[in-house]
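Participant: Sequence:
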Amino acid sequence: MEALNQSDLLNSLRAKTASHQLQVKNNFLNQNEEVLLRPSASGGWSIAQCLEHLNSYGNYYLPEIKSALDRPRNKSLTPFKSGWLGGYFTRMMESPLKKYKAFKNHLPAPQPDPAAVINEFIRQQEILLEHLYKADQEDLNVRLPISISKFIKLQIGDVFQFLIAHNERHINQAVKNL
-4 MEALNQSDLL NSLRAKTASH QLQVKNNFLN QNEEVLLRPS ASGGWSIAQC
46 LEHLNSYGNY YLPEIKSALD RPRNKSLTPF KSGWLGGYFT RMMESPLKKY
96 KAFKNHLPAP QPDPAAVINE FIRQQEILLE HLYKADQEDL NVRLPISISK
146 FIKLQIGDVF QFLIAHNERH INQAVKNL
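At position 166 of the sequence shown (counting the first as 1) the number is 161 in the working numbering, and the numbers step up by one without a gap.
In short, the hints are calculated from the structure, not lab data.
Only a predicted model underlies this, so the values are computations on that prediction, with no experimental measurement involved.
One or more hints might be untrue.
[What the hints assert, rightly or not] DMTMM-like cross-link-like pairs, simulated, lysine to aspartate or glutamate; straight-line CA separation at most 20 Å:
| hint | residue 1 | residue 2 |
| --- | --- | --- |
| 1 | 129 | 65 |
| 2 | 129 | 3 |
| 3 | 148 | 65 |
| 4 | 96 | 163 |
| 5 | 20 | 125 |
| 6 | 61 | 108 |
| 7 | 76 | 28 |
| 8 | 129 | 59 |
| 9 | 171 | 65 |
| 10 | 171 | 28 |
| 11 | 94 | 163 |
| 12 | 96 | 115 |
| 13 | 11 | 108 |
| 14 | 61 | 134 |
| 15 | 20 | 163 |
[To be verified] Label-pair ranges, simulated between beta-carbon atoms:
| hint | residue 1 | residue 2 | range |
| --- | --- | --- | --- |
| 16 | 27 | 131 | 21 to 31 Å |
| 17 | 73 | 28 | 46 to 56 Å |
| 18 | 146 | 26 | 15 to 25 Å |
The beta-carbon is built from N, C-alpha and C at its ideal position, and this holds for glycine as well.
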């Protein structure tokens, strides 16, 4: 993998995150509960379930990212190169045709509270944006354990890319439910 310009990468990720937050506000914030809880016509998750699933990832990764960004270290910025595993996970999320089963600890409740789920998603995107701005001056090669196995670690740059691609995947899924 070729080294990525950190500033360009973070700007792109910030723009996507802001877009996700705006999409959720515009499409779901004022929808009635019945629409938000209606399962997909194809038998998939409801809008609220899609967002609750994303919130479960945010609940894990946002504190991990904060902890990594807050750790004192030598601030020498090495160019960020996406790792093979991180790149693989991100590409998986970017493929709209392939379906994946959610891991047990990230399955949404059958009837989540839509208002609480939407507000939490919006709040988490604010935190993610803060982390993306703080990352401007940080080394994106620092490794974090992933949510499904503490033994597997991805670079924080890959975690950002995966998390945001994952958000996009499920926001698109939720929008299709309208």
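Participant: State for each hint whether it applies.
Facilitator: Verification of the supplied hints:
1. 129 with 65: holds, 9 Å
2. 129 with 3: holds, 14 Å
3. 148 with 65: holds, 18 Å
4. 96 with 163: holds, 17 Å
5. 20 with 125: At roughly 18 Å apart (the allowed maximum being 20 Å), residue 125 and residue 20 satisfy the hint.
6. 61 with 108: Violated. Residue 61 to residue 108 sits at ~27 Å, over the 20 Å cutoff.
7. 76 with 28: Given pair residue 76, residue 28 is violated - Cα atoms ~43 Å apart, limit 20 Å.
8. 129 with 59: holds, 14 Å
9. 171 with 65: violated, 38 Å
10. 171 with 28: Roughly 16 Å between the alpha carbons, so the hint for residue 171 and residue 28 holds.
11. 94 with 163: holds, 14 Å
12. 96 with 115: Measuring from Cα to Cα gives roughly 23 Å; hence the hint is violated.
13. 11 with 108: violated, 26 Å
14. 61 with 134: holds, 13 Å
15. 20 with 163: holds, 14 Å
16. 27 with 131: 21 to 31 Å: Between residue 27 and residue 131, where Cβ atoms are some 40 Å apart, the hint is violated.
17. 73 with 28: 46 to 56 Å: Between residue 73 and residue 28, where Cβ atoms are some 48 Å apart, the hint holds.
18. 146 with 26: 15 to 25 Å: Given about 40 Å between the Cβ atoms, the range is violated.
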